[in-house]
Each structure stands twice: as C-alpha cells, then as structure tokens.
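Trainee: Construct the entire structure; sequences and hints are all you get.
These protein sequence lines are chains A and B, in that order. Numbering-wise (this note's numbering), the first sequence opens with residue -16 and increments by one. Numbering-wise (this note's numbering), the second sequence opens with residue 926 and increments by one.
Incorrect hints may have been included.
[To be verified] Listed next, the in silico PhoX-like pairs over lysine-lysine satisfying Cα-Cα at most 25 Å (straight line):
1) A:LYS322 - A:LYS397
2) A:LYS503 - A:LYS403
3) A:LYS400 - A:LYS322
4) B:LYS966 - A:LYS365
5) A:LYS250 - A:LYS365
6) B:LYS1077 - A:LYS322
7) A:LYS250 - A:LYS403
8) A:LYS503 - A:LYS400
9) A:LYS250 - B:LYS1077
10) B:LYS1077 - A:LYS397
Just so you know, the hints here were simulated from the structure itself, not pulled from any lab data. Because the structure is a prediction, the values reported are computed rather than measured.
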Amino acid sequence: MVTELGHFALILAFMVACVQAVVPLVGAHKRWSGWMAVAEPAATLQFLLTGFAFAALTHAFVTSDFTLRLVVLNSHSLKPMIYKISGVWGNHEGSMLLWVLILTLFGAMAAWFGGNLPPTLRARVLAVQSAVAVAFFAFILFTSNPFLRVAVPPFDGQDLNPLLQDVGLALHPPFLYLGYVGLSICFSFAVAALIEGRIDAAWGRWVRPWTLAAWVFLTIGIGLGSWWAYYELGWGGFWFWDPVENASFMPWLLAAALLHSAIVVEKREALKSWTILLAILAFGFSLIGTFIVRSGLLTSVHAFANDPERGVFILIILVFFTGGALTLFAARANAMDAKGVFGLVSRESALVANNILLAVACFVVFVGTMWPLVAEMFWDRKLSVGPPFFNMAFTPFMVLLGLLLPIGAMLPWKRAKAGKVMRQMIPGLIVALALAGLAWTMQTGRSLLGPVGLFLGAWIVAGALTELWTRTGRTRDLTRLLRLPRADWGKAVAHTGLGVTMFGVAGLMAWEAEDIRVAKIGEPFEVAGFELTLNEVNDVRGPNYFSTMGNVTLSRNGTEIATLFPEKRNYPVAQMPTTEAAIDYRFLRDVYVVIGDEQEGGAWTLRTYVKPLAGWIWAGCIIMALGGSLSLSDRRFRVAAGARRQPQGVPAE
Amino acid sequence: MKRFILTCLLALSMALPVGAVQPDEVLDDPVLEQRARELSKGLRCLVCQNESIDESNASLARDLRILVRDRLVAGDTDEEAIAFIVERYGEFVLLRPTTGGANWLLWAAGPIMLLIAGGTGFLYLRGRSRAVAPGSDSLSAEEQQRLSELLKD
Chain A
-16 MVTELGHFAL ILAFMVACVQ AVVPLVGAHK RWSGWMAVAE PAATLQFLLT
34 GFAFAALTHA FVTSDFTLRL VVLNSHSLKP MIYKISGVWG NHEGSMLLWV
84 LILTLFGAMA AWFGGNLPPT LRARVLAVQS AVAVAFFAFI LFTSNPFLRV
134 AVPPFDGQDL NPLLQDVGLA LHPPFLYLGY VGLSICFSFA VAALIEGRID
184 AAWGRWVRPW TLAAWVFLTI GIGLGSWWAY YELGWGGFWF WDPVENASFM
234 PWLLAAALLH SAIVVEKREA LKSWTILLAI LAFGFSLIGT FIVRSGLLTS
284 VHAFANDPER GVFILIILVF FTGGALTLFA ARANAMDAKG VFGLVSRESA
334 LVANNILLAV ACFVVFVGTM WPLVAEMFWD RKLSVGPPFF NMAFTPFMVL
384 LGLLLPIGAM LPWKRAKAGK VMRQMIPGLI VALALAGLAW TMQTGRSLLG
434 PVGLFLGAWI VAGALTELWT RTGRTRDLTR LLRLPRADWG KAVAHTGLGV
484 TMFGVAGLMA WEAEDIRVAK IGEPFEVAGF ELTLNEVNDV RGPNYFSTMG
534 NVTLSRNGTE IATLFPEKRN YPVAQMPTTE AAIDYRFLRD VYVVIGDEQE
584 GGAWTLRTYV KPLAGWIWAG CIIMALGGSL SLSDRRFRVA AGARRQPQGV
634 PAE
Chain B
926 MKRFILTCLL ALSMALPVGA VQPDEVLDDP VLEQRARELS KGLRCLVCQN
976 ESIDESNASL ARDLRILVRD RLVAGDTDEE AIAFIVERYG EFVLLRPTTG
1026 GANWLLWAAG PIMLLIAGGT GFLYLRGRSR AVAPGSDSLS AEEQQRLSEL
1076 LKD
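Mentor: Next up, the structure:
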C-alpha cells in the first residue's frame, strides 16, 4: 500500500515538474506575475512528493518487503539495518530516485532562499531546474522504475553486493549526488541568465554559494569513496583513475574552477561568458558521469547498470541539456561584455591561470577516459589508458597549480607588483625548500615525487599562513584575524587542505614499504622497522557472513603498538568474498595488514604495507571541505540573508 | 564485444580482492623482483576492469605475472619482456598507451590544449589591461539600489 502511494507520488511529482518547467517560463517571458509565482509552491510540492516516494521505497527496504523486485535483488532479511537503508541507493533504480530527490531538494532550496532574486530570474531558474527534473523523472518512470512488484515473492532476498555493505560506501553516494546535482542549480542559473540576457556582479554572488556547496559535497563524496577504496580493496590504493572515478573527478575540477571564476564575476564583472560556459560544462560533466556509470559504455569496477536502453536515454538527456545550453550560449555570449579593467599581473590574472590549469587538467582526464572508445571507433585499436598515463599527463598541471597558488592568492586586485608578494613569500619558500631538501637527502635513489610533493604541500600551506600573517597589518595585531571575514578564513583553510592532500599523496606514493610473505603462526617478522607476529587465525561468524580473522601483533623496538585483526569474509547469499584490511592509523603513517590464503603447515599469506602520510590525503579533503563550509557561512554569502531582511516586500515589477 | 564484457563481469564476480602477488611467485633476486613488480604495474589484467596484474588476483593475472618473471629470469630486458607480452596479448595489456599511430594525439592533447587556453587567456588579459573602464551608467537607478542593497549584507 505504502509502495503504491510512493509510486503514485512519484508520478504526481513528474506532472508537477512538467507544469513547473513551462508555466513560470511563459510567465517570465510575458511578465505575468501570477504565472511566475507558480514556480515556488510547485518546487516545494515537487520536493515533498519525491521525498514521499523515497520514504516509501526506504520503508519497503527497512521492512524487507520481498514483493518488491528491487528489494529482492538488493536486500536480505539478515542484513544489518544500516545496510538495509543504504541498500535503497546501492542499486541503479534507487540511486536514480535519490538523484531526483536531491535535484528537487536543490530546486526547493532555490525557491526558499531565492527571495532576493529578481522575480523573472527566479522564475526562470526554477523552470530550468524543473526541466532537468522532468527528464530524470521520465527516465525513472519509463526505464528504471523502482516500484515494480514481483508476481511470486521469494522467502528472502539476494543480498546487497557485500562490497557495498560498508559505512564509507553507504554515505559515499548521497554526498556525491549532493555535489553532482548541486551543480544543476549553477546550470539553471546560467541558462536562466542566458535567457534573461544579462549577467552582472549580483549573478556571480548568487551562483557562488551554490557552487561552493556543491564543491564541498563533491569533495566529501570523493574523499569517502577514495578512503573506502583504500581500506576495502585490499592493497591500499587510494585512486585508480577508473572511468567512474574520473566521472566524479571532472565535475570536481570544473566546480573548483567555477568557484574561482565566479569570484571574478562578482568582484570585477569580468570573465562573465567563461563563467557561464563553466557552469554549463560542470553540470554537463555530471551528466556525462551519470552516463558513463549507467550505460556500461566504459567498463569499470563500479558501473552498476549495463543497459543500452538506459544509456541511450541518458545520452539524449545529456545532448539535449548540454547541447541546448551551449547553443543558447553561442547565441547570447557576445551580449556579455566585460567591465573590469586590470593589469597583466593581478589577482584576476591569477584566477584566469587557475581556471586554465583546472580546465585543461579536466580536459586531459576527459580525453584519457574516452580515448579507448575513440581509438576503437576510428582506428579499430583496442587499447587501455591506465594510471601510468594519468599520473604522467595530469600531475604536471597540479604541480603548476600548486606553484602558482600561494602567489596568486596574495596578489591584490586590479594591478599588482609580483615582487612585493614574492618577498613576503620568502620565508615560506625557505621552509618548503628545506623540507624538500631534507626528504631528498633522507631518501636515496627513489622517485622525485616525494620531495616535489612535499615542497608543493609545504609551499601551499606556508602561503596560506603568510597570507593570514599579512592580514594582521603593520602592527601585527593578531586580534585582526578574529575580525577577518569568514570567506577569507575559508580560503586559507581550503588552500591548506589542498596542500595537506598533496603532502599525503606524495608521501604515500613515494615512500610506501611493502612485504608479502608466508607467515607462520607465532613467528615474528620485520617490515620497515616494525615487528609483526601472526598469533592465531580464527573462524568467526558475522550477521550475514563468515569470516577468517587473523590476530596480528604490531610492535616497534620491543614495545607493542597495536593488535590488528585482518579479515577475509565470505558472504554466502551473494557468494562473494571480500577482504577487510586491518589498519593501524597513526599521524605519520598507517600500517596496513591483509590476510590471504592458508598455506601448508599452518602458515598464512600475509601482506603488510607501511604507508607514510596516508591519512593526510583524507585529512586534506576534510580540511578543504571545512574551508568551503567556512566560506559558505560567511554572512555576505548567506543566500537567505537578503530575503530575511526585506520585510517591506520585493519592489514591484 | 558482448562476450568480452560478459567474461569481464564473470571474472569480476569471482575474482575480487583478496590479494595479488602470491609469496610463491616472488623471485629470489630482489633486483629482478623489483623490476618484475614495476613491469606488472604497467600491464593490465585482461579479465578484470582497469586493474593491473600487480593488483589483480585473477588466475590469468597470476599467469601473466609468472610469465613476466620467467622472461626476466631468462635474461630479457624490460622492453623485451613487454614486447613479448604485447605480441601475445595485443596493446590492450598496456596500461600506459604507446605514442605510436594516432596515440600521439592522446599524449599531446594536454599540452596543445594548455597552449591554446594559455594563448587565449593571455590575449584576453592583455585586452583587459588595455581596455578603458566604462562608466557606471549601464545600471538603472532601481538596479543600482538593488545592487547596493545586496552588497550591503
């Protein structure tokens, strides 16, 4: 019953979306305020109806309603409750429902917090947002309906893919979607502004918080996914350059670029058409990501719906929205002339450089991801483009970006003198060089990556600190820092986060130690200065799996540090094995232990990795997200601030 | 192609994690073993999705790892060993695509794009630095008031 109501609510939401996509748009064109006013209640209603549909599906999963096809395929009565809930979006249909739920949530938020927008712009933004929603509602209802029943319900379900039964991965999709779909609002703003035919500083200010929010969510989502890959896939890689990972990484790069170019629009009224283009492309890449994941076009570790029909549908959505927006852009772009005037050396130029590097880096990832397809189509060559290519082709852009970042961040607007900023950065440069030199002398004959990465990380962090220091003024009055706008703190913190992540990546990739051996029970062995002993191996029973659990003592110089329990699990229902690495997380290094198969004579295969600075990668992601949130909380950008302080009502049209 | 995808899916469902290089594969000579590890990292496991044979635990990946080690023990250079495997399995095994044929475009895509974007960016910036600032008469009084209201926050 609840399920049918949910299904019905979803169909209703589809219809509301159809109305919302058309009526306000016509209203805005004809200046009929009544028609424009439809958008807001419709956006709220759409969200509530979709929310109800999502709740109904969740209800079916929680109560293990095996009359529902989706629940049968992705759940099991013995599964822990948290994974019953995460099972809702651990499959194609449910995740699409989550996708539209977030799409309508952002639409509703634009309606709630958009009180300070001009009425026509608001009506158009909500209409465009709703048009995107129409496409995805249709996609769900016609090709991937989650509410289908089975004729003969089985006694129990087929369980969720055990790899997905994990806290990190339970939270990964919602955050990622909040980011992907959050970019839809930027897209709607861009298209609405193109229809409206004008973009000014205020537009930049309205778009920036949404971009920032989307970027923060994407950062968290990608960080969670990478952390999951690190501890779950059994050898501690954190990034695989897999097509699906790239699919989430490209919007992140573009969102980061958009974030910075919107500042130029807001402060200096320049870069307008480029910013609009970025906003369209950022969401376009989100759609490409969806297409890649769900069409099965590029085979990948986590593509979960290999259905050509669905792929074609998403391709049509992609072509319609991106193509349509780009056509509109081509028609209207020259209407947006720049106003700000600035010198070649200025903050504006630095932000242009930032945008060029981020966009070209994104382009490289895109070309690398699509190349196997292109090569097969045009030259009939079956080839692979893997991590070695991306590491070589992508890293230089990040190095350049890291080198420029601290200087660019400190250059004043309009006209700057590079020499002055350079002088301020000298102490930072010395610290960073010293650190890199230290790393260089301590390692012998290993890759250059370690020292270079350490230098960049230290350089960026030192840059952020130097900038804060300069803000104390000539008197070095530290209380000034407390009065600094939160956006400035956000900038310093987010840049620090990037530096910390670079530190972690460099440390992990350059100085990892690895050991593979047959470990006899009770016989200690040494790895990179650590002593490990496999004490025993037991068979353990979990709620819905059987586990082979090792007990490993980790010690250094005779003192015991930790006891680790690496596991090898088998999920009988899904008939799948998984490895659960045991990790001793510490500030400067992780020790990572994986247990393998039993060998002759009561010995076991044991893999041990010592991973220096591994935790810094995700700590950096958290710091970046924190910086973004700080910036978002700045009262100048609080989207609702204007609305709340206008009790007299909006000026008449 | 369809069969290929099917094989991939099958391999994926059977052969996830657990671990790659087995202790019995490891060569006694640490230098040779190190070379073998480096080579394996650049070779793709044919039945997996985007995993190198160094990471994969599929049986085919194991065969390939052993093959690489056999070639090295037999005295092949790194290039010879790779060439041997490419000859047998095609260039699909190379995770790092060659620069031959149309692939130069793949490798040059980034630098070319950087040049184009950098050039355009430079021209734009030069244009901006020479432009004359327009007056603020482009905003109507009402818009000016709205803007100042917004910027006040």
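Trainee: Decide, hint by hint, whether the structure agrees.
Mentor: To see whether the hints hold, each was checked on the structure:
| no. | hint | result |
| --- | --- | --- |
| 1 | A:LYS322 - A:LYS397 | holds, 12 Å |
| 2 | A:LYS503 - A:LYS403 | violated, 63 Å |
| 3 | A:LYS400 - A:LYS322 | holds, 22 Å |
| 4 | B:LYS966 - A:LYS365 | holds, 19 Å |
| 5 | A:LYS250 - A:LYS365 | violated, 49 Å |
| 6 | B:LYS1077 - A:LYS322 | holds, 21 Å |
| 7 | A:LYS250 - A:LYS403 | holds, 23 Å |
| 8 | A:LYS503 - A:LYS400 | violated, 66 Å |
| 9 | A:LYS250 - B:LYS1077 | holds, 14 Å |
| 10 | B:LYS1077 - A:LYS397 | holds, 22 Å |
Comparing the model with each numbered hint stated earlier shows that hints 2, 5 and 8 do not hold.
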